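Colleague: One letter stands for each residue in the lines below.
There are 2 protein chains.
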Amino acid sequence: MKLIELYAKMKKDISYIEKELERSIDTDHAMLRETSVHLLKAGGKRIRPIFVLLGAKFGTYDLTRVKHVAVSLELIHMASLVHDDVIDDAETRRGQLTVRSKWDNRVAMFTGDYIFAKALHVATGLGNPAIHQTLSKAILEMSIGEMEQIRLFFNAEQTLRDYLLRIRRKTALLIAISCQLGAIAADADEWVSNRLYSFGYNVGMAFQIRDDLLDLCGTEKEIGKPPGSDIRQGNITIPVIYALREPGLRVPLMQELRKIQEADGQIDVSRFIGLIRGSQGIRQAEELANRYIDKAIAVLHSLPDIQAKKDLIGVAHFIGNRSY
Amino acid sequence: MKLIELYAKMKKDISYIEKELERSIDTDHAMLRETSVHLLKAGGKRIRPIFVLLGAKFGTYDLTRVKHVAVSLELIHMASLVHDDVIDDAETRRGQLTVRSKWDNRVAMFTGDYIFAKALHVATGLGNPAIHQTLSKAILEMSIGEMEQIRLFFNAEQTLRDYLLRIRRKTALLIAISCQLGAIAADADEWVSNRLYSFGYNVGMAFQIRDDLLDLCGTEKEIGKPPGSDIRQGNITIPVIYALREPGLRVPLMQELRKIQEADGQIDVSRFIGLIRGSQGIRQAEELANRYIDKAIAVLHSLPDIQAKKDLIGVAHFIGNRSY
Numbered sequence: 003m004k005l006i007e008l009y010a011k012m013k014k015d016i017s018y019i020e021k022e023l024e025r026s027i028d029t030d031h032a033m034l035r036e037t038s039v040h041l042l043k044a045g046g047k048r049i050r051p052i053f054v055l056l057g058a059k060f061g062t063y064d065l066t067r068v069k070h071v072a073v074s075l076e077l078i079h080m081a082s083l084v085h086d087d088v089i090d091d092a093e094t095r096r097g098q099l100t101v102r103s104k105w106d107n108r109v110a111m112f113t114g115d116y117i118f119a120k121a122l123h124v125a126t127g128l129g130n131p132a133i134h135q136t137l138s139k140a141i142l143e144m145s146i147g148e149m150e151q152i153r154l155f156f157n158a159e160q161t162l163r164d165y166l167l168r169i170r171r172k173t174a175l176l177i178a179i180s181c182q183l184g185a186i187a188a189d190a191d192e193w194v195s196n197r198l199y200s201f202g203y204n205v206g207m208a209f210q211i212r213d214d215l216l217d218l219c220g221t222e223k224e225i226g227k228p229p230g231s232d233i234r235q236g237n238i239t240i241p242v243i244y245a246l247r248e249p250g251l252r253v254p255l256m257q258e259l260r261k262i263q264e265a266d267g268q269i270d271v272s273r274f275i276g277l278i279r280g281s282q283g284i285r286q287a288e289e290l291a292n293r294y295i296d297k298a299i300a301v302l303h304s305l306p307d308i309q310a311k312k313d314l315i316g317v318a319h320f321i322g323n324r325s326y
Numbered sequence: 003m004k005l006i007e008l009y010a011k012m013k014k015d016i017s018y019i020e021k022e023l024e025r026s027i028d029t030d031h032a033m034l035r036e037t038s039v040h041l042l043k044a045g046g047k048r049i050r051p052i053f054v055l056l057g058a059k060f061g062t063y064d065l066t067r068v069k070h071v072a073v074s075l076e077l078i079h080m081a082s083l084v085h086d087d088v089i090d091d092a093e094t095r096r097g098q099l100t101v102r103s104k105w106d107n108r109v110a111m112f113t114g115d116y117i118f119a120k121a122l123h124v125a126t127g128l129g130n131p132a133i134h135q136t137l138s139k140a141i142l143e144m145s146i147g148e149m150e151q152i153r154l155f156f157n158a159e160q161t162l163r164d165y166l167l168r169i170r171r172k173t174a175l176l177i178a179i180s181c182q183l184g185a186i187a188a189d190a191d192e193w194v195s196n197r198l199y200s201f202g203y204n205v206g207m208a209f210q211i212r213d214d215l216l217d218l219c220g221t222e223k224e225i226g227k228p229p230g231s232d233i234r235q236g237n238i239t240i241p242v243i244y245a246l247r248e249p250g251l252r253v254p255l256m257q258e259l260r261k262i263q264e265a266d267g268q269i270d271v272s273r274f275i276g277l278i279r280g281s282q283g284i285r286q287a288e289e290l291a292n293r294y295i296d297k298a299i300a301v302l303h304s305l306p307d308i309q310a311k312k313d314l315i316g317v318a319h320f321i322g323n324r325s326y
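Sequence order for the protein chains is G and F. Each residue of the first sequence is one higher than the one before, starting from 3 at the first, in my numbering. Each residue of the second sequence is one higher than the one before, starting from 3 at the first, in my numbering.
If you're looking for bench data, these hints aren't it; they were derived computationally from the structure. Note that the structure is predicted; figures quoted are calculated from it, not measured. Take the hints with a grain of salt, since some may be wrong.
A pair counts as met if it fits within one copy or between any two copies, since identical chains are not told apart.
[Stated by the list, open to error] Okay, derived cross-link-like pairs now, DSSO-like style, lysine-lysine, Cα gap no bigger than 30 Å in a straight line:
| id | residue 1 | residue 2 |
| --- | --- | --- |
| 1 | K11 | K297 |
| 2 | K11 | K104 |
| 3 | K139 | K43 |
| 4 | K227 | K59 |
| 5 | K21 | K139 |
| 6 | K312 | K59 |
| 7 | K261 | K311 |
| 8 | K139 | K47 |
| 9 | K297 | K21 |
| 10 | K104 | K14 |
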């Protein structure tokens, strides 16, 4: 299935969520409205709200209830991107100027704070303390993930486990709770929401691995920013970790890494990217992503055979083959 | 009353909250633990937890319940300080290195995110959605206050109303909800918690005005950082707004402001401070602070005459005369 078909099918509900998103960040404060609208208009796949909506189909689907969770999760994602762009010194995202480059890092920081707080405030509309607990825990873990990323910048000794733990916190957790909280907001059974959490977790891991592969193997047009931006900021991703294990590659890769670090990322990284592309790391990372996708689909097995289940499997396959 | 006497009297409960604070930021993540403990050890007056505890005395005082609110509010305050230091480019706070100067701005940003999320997570321990709503709303408003501060840096045309709105968001709101949520967590009547909110709001306004006066009139030893740091970063506070209204002062003040702005704050500001100290602005700001204190005390009038009421009045007087 193509993701676009799913969007077409869910169009009405997604438009509703999009309007609620716009409404949620509407504020009297001109600068904040500008930065938030800028972020919103920059687009994004709204993958988290889609997971929320699909998760909710396993319970009593009520968009006026589920919207609180869908909007909240997309806002958390948006806020994390704004703060992420600060540490990445990112100039563009999705082909658009970032808040930190259009305004400055300080504005980006408080815009992120505002959107995080708004996300939690929106979720209070459901009056369910378990949801706040899950959401605030997710933001906690995401902050730890970001700190881990900073700590391990340019660290070639980091393990596969370091990487997996990091992307678990940075990405997989939020997708996991998107699926889970969608079900919870629709009063689905607990074993169902737990399964959906597990599905989302595995899909999220694959999603991030695919994203990291894309930064090394994609074109600037596909990615929306120049390839190699991960390594320029020192972020060592899974294909690199695998490639560093290859005896013939370790030494030249370490040399390139040192050069990139010394130049603070302001250097041509095409030789580094070439080495990675020529390594086994790409294939190994793809295989791991596929294993996560297989696991995600297997988890759904015991759930009722409703259309949403087929759609979730479709999204999982899409992410598994993701090339943009 | 001296604040120290109140601390002595409440020592047991304050120590308990302090331990809970320590416990709340305990994490497996070494760098986050370091930054958080650094912040905690840097001290602070723990004025928000004290307001929470005193507010709770108007209901059924149960420290094991009230602690969630007390810890949460102090964490929100701490997180806002970390993010504040980033925009202030502050090197020291309370005589200690700030997180951003000991580590860097990125670490400070994620430490702040972590502590904000922790604050909200701690509060879920009470299972009361109204509390989450109030807390997330407060963080929202604080972010807007910070953005306003950035927007109005070095803007000599800003009005008294701009200033009051800003400190309402930056400071008064959090103190207001400290008093209010303390009462709510102790199941006090709603009219009581509303009064306490109003008390805290007025005390908070006076508190910030006093703080801004201190930055202009205090010594480095009293403030814990060099005087004039507000104006060096472009933050125009109430004595300055008043002084700018004096015909003989406006022109020389504008000249000094321009010099400070052009030097990006890296300049001797003693002439500017001298002009303000010699203006009517100091006295006028003191008078306004006193009016807020009077209003705060008047609000308490209808509340039951328990010891906590006397203590709140004592704290208000302390803040009214605050010289450190």
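Colleague: Now look at each hint and say whether the structure bears it out.
Modeller: Going through the hints against the structure:
Taking the shortest Cα distances, K11 and K297 sit within 30 Å of each other inside one copy (26 Å), while across copies they are farther apart (59 Å). Taking identical chains as interchangeable, the C-alpha atoms of K11 and K104 are never at most 30 Å apart, the minima being 35 Å within one chain and 52 Å between chains. Taking the shortest alpha-carbon separations for K139 and K43, both the intra-copy value of 28 Å and the inter-copy value of 24 Å come in at or below 30 Å. In the homo-oligomer, the alpha carbons of K227 and K59 never lie at most 30 Å apart, since the shortest distance is 35 Å inside one protomer and 57 Å across protomers.
Proximity of K21 and K139 under a CA criterion of 30 Å is satisfied in both settings, with 27 Å inside one chain copy and 21 Å between copies. For the homomeric pair K312 and K59, the shortest alpha-carbon distance inside one copy (12 Å) is at most 30 Å, but the shortest distance between copies (56 Å) is not. In this assembly of identical chains, K261 and K311 lie within 30 Å of each other by CA distance neither inside one copy nor across copies; the values are 48 Å within and 65 Å between. In this assembly of identical chains, the alpha carbons of K139 and K47 lie at most 30 Å apart whether taken from the same copy (24 Å) or from different copies (28 Å).
Taking the shortest Cα distances, K297 and K21 never come within 30 Å of each other, neither inside one copy (34 Å) nor across copies (43 Å). In this assembly of identical chains, the alpha carbons of K104 and K14 never lie at most 30 Å apart, being 33 Å within a copy and 50 Å across copies at closest.
Checked against the numbered hints given earlier, the structure breaks hints 2, 4, 7, 9 and 10 and satisfies all the rest.
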